[in-house]
Structures are given as structure tokens and as C-alpha cells.
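Undergrad: Here the protein sequences line up with chains A and B, keeping their order. For the first sequence, my numbering gives the first residue as 1, with consecutive numbering after it. For the second sequence, my numbering gives the first residue as 183, with consecutive numbering after it.
If you're looking for bench data, these hints aren't it; they were derived computationally from the structure. Errors might be hidden in some of the hints.
Unchecked claim - Covered stretches of chain B (chain A as the covering partner; in silico rule of three or more C-beta atoms under 8 Å from a C-beta of chain A):
| id | stretch |
| --- | --- |
| 1 | 186-192 |
| 2 | 235-243 |
| 3 | 286-292 |
Each residue gets a CB set at the ideal place from its N, CA and C atoms; glycine is no exception.
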Amino acid sequence: MDDHQLRAVLEALLLATTEPLVPAKAAEVVGVSAERCQRLLEELAEEYRQRESGWELQRVAGGYRLVTRPQFAPYIERLYRRTPAAPLSEAALETLAVIAYRQPVTRAEIEHIRGVNCDSVLNTLLERGLIEEVGRKEAPGRPILYGTSRHFLEHFGLDSPEDLPPLPDEETEGPPGERATK
Amino acid sequence: MFEGPLDLLLHLIEEQRLDIYDIPIAHITSQYLAYLRAMERVDVELASEFLVMAATLMAIKARMLLPKPAEAVATADEEDPRRELVSRLLEYKKFKKAAAVLRALEERQRGKFPAQPRRPSDLRPDLSYLPADTLQVLWTAFSRLLKDADPVPQQIMRDLITVRQKMALVLRTLRRHPGRVQLDGLIGPAPSRTDIVVTFLAVLELARMGRLRVIQDFPFGPVWLERVGEWHGRSPAAGSSRSPAASHH
Numbered sequence: 001m002d003d004h005q006l007r008a009v010l011e012a013l014l015l016a017t018t019e020p021l022v023p024a025k026a027a028e029v030v031g032v033s034a035e036r037c038q039r040l041l042e043e044l045a046e047e048y049r050q051r052e053s054g055w056e057l058q059r060v061a062g063g064y065r066l067v068t069r070p071q072f073a074p075y076i077e078r079l080y081r082r083t084p085a086a087p088l089s090e091a092a093l094e095t096l097a098v099i100a101y102r103q104p105v106t107r108a109e110i111e112h113i114r115g116v117n118c119d120s121v122l123n124t125l126l127e128r129g130l131i132e133e134v135g136r137k138e139a140p141g142r143p144i145l146y147g148t149s150r151h152f153l154e155h156f157g158l159d160s161p162e163d164l165p166p167l168p169d170e171e172t173e174g175p176p177g178e179r180a181t182k
Numbered sequence: 183m184f185e186g187p188l189d190l191l192l193h194l195i196e197e198q199r200l201d202i203y204d205i206p207i208a209h210i211t212s213q214y215l216a217y218l219r220a221m222e223r224v225d226v227e228l229a230s231e232f233l234v235m236a237a238t239l240m241a242i243k244a245r246m247l248l249p250k251p252a253e254a255v256a257t258a259d260e261e262d263p264r265r266e267l268v269s270r271l272l273e274y275k276k277f278k279k280a281a282a283v284l285r286a287l288e289e290r291q292r293g294k295f296p297a298q299p300r301r302p303s304d305l306r307p308d309l310s311y312l313p314a315d316t317l318q319v320l321w322t323a324f325s326r327l328l329k330d331a332d333p334v335p336q337q338i339m340r341d342l343i344t345v346r347q348k349m350a351l352v353l354r355t356l357r358r359h360p361g362r363v364q365l366d367g368l369i370g371p372a373p374s375r376t377d378i379v380v381t382f383l384a385v386l387e388l389a390r391m392g393r394l395r396v397i398q399d400f401p402f403g404p405v406w407l408e409r410v411g412e413w414h415g416r417s418p419a420a421g422s423s424r425s426p427a428a429s430h431h
């Protein structure tokens with residue numbers, strides 16, 4: 001099969017898949033290398049961008065999926081009646097941020113950073129499937145270690161945890177050591 | 183409302199444009215306490231962490247008022263009683279900013295609707311590219327159910343229902359409902375821990391034997407059980423060609 005035909009096959013797979021299409025899986029289906037699939041998927045993404053299509057090819061959680069372009073969201077919302085999803089609370093987002101950037105991390109470590117008890121907010125995040133237990137820390141009491149889930153990546157449109165923007169640091173304040181303290 | 187004592191302190195510092203590396207501790211402490219008192223007046227129950235922080239602030243204030251030993255004044259690296267508090271505030275501030283970044287990412291993603299093909303019922307998702315998810319799915323579903331169940335009974339009771347009986351019951355339910363049955367539906371409205379555990383074991387055993395299939399259409403969605411084909415009557419080929427999803431490891 002030439003590239004042109006392969007792109008069409010991949011497009012068909014993208015349309016029919018219920019999960020993000022992983023290049024390795026596509027390669028297995030089509031019988032060509034994963035690298036070639038990945039290249040062709042990127043070409044498709046570029047093609048949709050260039051012709052200003054109504055959808056785009058999004059890289060998420062290690063795979064590719066077709067999503068509508070954000071500027072058409074108002075129309076889609078009119079197509080359906082959207083019940084506004086309960087947005088994540090500030091507490092939930094702060095906790096999620098600590099877990100995302102410090103994973104794997106224990107509850108005590110999260111609570112030390114936030115300065116408040118995080119019991120119920122951790123339960124909420126577990127229930128919403130945004131975080132999961134990833135193991136136990138080799139420390140007294142063998143506390144549970146938390147990390148972000150695959151659903152977290154899909155929810156925030158990230159390909160992998162490394163895809164997160166760098167943690168903002170104290171760049172605006174300057175390093176503490178350089179200021180004289182009285 | 184503030185997320186906690188660190189949030190409140192940061193707010194006080196930023197509102198007045200104070201230098202976070204040189205916090206006027208007496209000033210901040212009195213403002214902090216004034217806030218706690220105001221909350222008390224409107225009858226808001228504050229988390230105990232707010233009180234712990236109040237004590238910390240007062241301890242720092244006291245240490246700063248103490249006269250310094252002569253030789254300590256001379257050494258530049260004398261420990262500032264505020265140091266630990268400052269580093270915690272800075273660390274917290276980082277994650278507050280990171281939370282705002284996540285909020286923006288979430289907002290951006292909300293405008294992107296994924297294509298949602300409907301999977302024809304005669305097609306089974308290939309679980310080989312969702313490694314280990316089936317077990318994870320069952321585990322998540324059951325731990326959620328377990329959390330709502332009765333606490334462990336103090337008295338050990340004889341099993342009211344055995345796994346074998348439960349397996350038969352599950353199969354009967356599946357036979358009575360053509361198509362899929364939701365996992366949660368197999369468990370009564372107020373299940374005991376034993377109920378849930380026995381059902382879990384029964385479902386796992388049936389899946390292992392290839393009598394039923396465990397299906398989840400999207401991550402964290404409802405878990406469905408589907409009978410595997412041999413009772414479908416005249417289409418043995420369609421039934422036998424499928425292998426049970428949950429036997430995948």
C-alpha cells in the first residue's frame with residue numbers, strides 16, 4: 001500500500017475507534033511499522049489543519065483521536081443541551097496539581113504542601129478517576145502512593161504526564177538566598 | 183473562602199504587597215488572628231489547621247522578639263525563625279499557579295468533542311491495547327461498592343450464600359436479561375460486604391471459565407456483563423468464535 005492508501009485506512013480506523021488510536025496498535029492492524037503509522041497520522045493532522053477542517057487530530061494519552069475544533073464548541077452546545085459538568089473545585093485542582101507534578105506522592109506529602117487535610121478531596125479525585133493508587137511507599141506505615149490516571153490525560157488533553165507545562169517557580173521573586181534577612 | 187491557612191497568609195501578603203522574604207510577622211499575625219475572629223463571629227467552623235498556623239505564627243513572633251545572643255548576631259547564617267514558613271508559602275504558591283494552569287487546560291479541552299462512534303454489538307473491543315485495564319476496571323468498581331457497604335461485622339457469621347450459589351444466580355440473571363446486565367445491578371440496594379465480595383469472586387470465576395464477558399465502553403464508565411454465546415440457539419459459530427474479554431491478563 002502506498003502512503004495515500006494507508007492514510008485513508010488510518011482515517012477509517014480513527015473514525016471507528018472508541019479509544020485513542022495507539023500507533024503501535026494501528027501498525028499491527030495495517031501491517032506496517034509503527035513509525036510509519038505515526039508519520040502518516042501526523043500528516044493527517046497537518047492535512048486537517050491546512051484545510052481548516054471542522055475537526056482536528058489530537059494526541060492524547062499516547063494515542064490519536066478525532067475531536068472537534070474548539071471554535072465550533074458553541075454550535076455543538078446548541079446541538080445538545082449541555083448540563084454544565086460540575087467544574088473541579090479549587091481544592092481538587094490544587095491537589096491534582098501537587099499529584100501531577102510530584103507523583104508518585106503520599107497523602108501526607110500532599111497535605112504538607114497544601115497545609116490542609118486532603119482526605120475527602122482525594123476521594124473525590126479517585127471517584128472521578130483522575131488519580132489512582134500507584135503503589136506503596138517504603139516508609140513506616142507503607143502509605144499509599146498516588147499518581148494521575150489515563151483519564152487525567154484525556155480530561156486535560158495531554159499526551160503524557162511529561163506533557164504538562166513546567167511548574168511555575170519563584171522566577172519573579174528571585175532566589176531566597178540572595179536577600180538579606182534581618 | 184480560603185483553601186487553608188497558607189492560602190489565607192498568601193492572600194494577606196499579596197494584598198498588601200508585602201515582601202514574602204521579609205514578612206512583618208507581628209503585623210501579619212494580628213491580621214491573621216483578626217480574620218479568624220471574624221470567621222468565628224459569623225459562625226464559620228474553621229478547620230483545625232487554621233488554629234495550628236495561628237500558634238505557629240505566634241511562636242515565630244515570640245522568637246523574633248527574644249534578644250539574640252551576642253555571637254549569633256555576628257554570624258550571617260543565623261537561622262531566621264520565619265525561614266520554614268517562607269519556604270512553605272513559596273512551595274504552596276507554585277502549586278496554586280499550577281492549579282490555574284490545569285484549569286486553563288481543562289477549559290481548552292472542554293471545547294473539543296471527541297468523535298464517538300457507536301460500537302456495533304457484534305464487535306468486541308480488542309483489549310490487547312488496553313493492557314491490564316479489565317482487572318483495574320473491576321477493581322475500581324468493586325472498591326467503590328465496598329466503600330458504601332456495611333462495616334466489617336464484629337461477629338463472624340456463617341456464609342449465607344456461597345460463591346457457587348452466587349455464580350448460578352449471576353448466570354440466571356444474565357439468561358433472564360438478553361443483552362447486557364450492569365455489574366452494579368447484580369448487587370442489591372443495601373449490600374453487605376460479604377455480598378459484594380461473593381459477587382466479585384463469582385464474576386471473576388465465571389469470566390475465567392469463559393461464561394461471561396466484562397465490558398466497559400469507555401474508561402470509568404459503567405461495567406457491563408454479557409453472557410457468552412452458547413445459549414444463543416442456532417448460531418454456535420458466532421458464539422464460539424468469541425473469547426471472553428476478562429480472561430485476558
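Undergrad: Can you give the numbers of the hints that this structure goes against, from lowest to highest?
TA: 2
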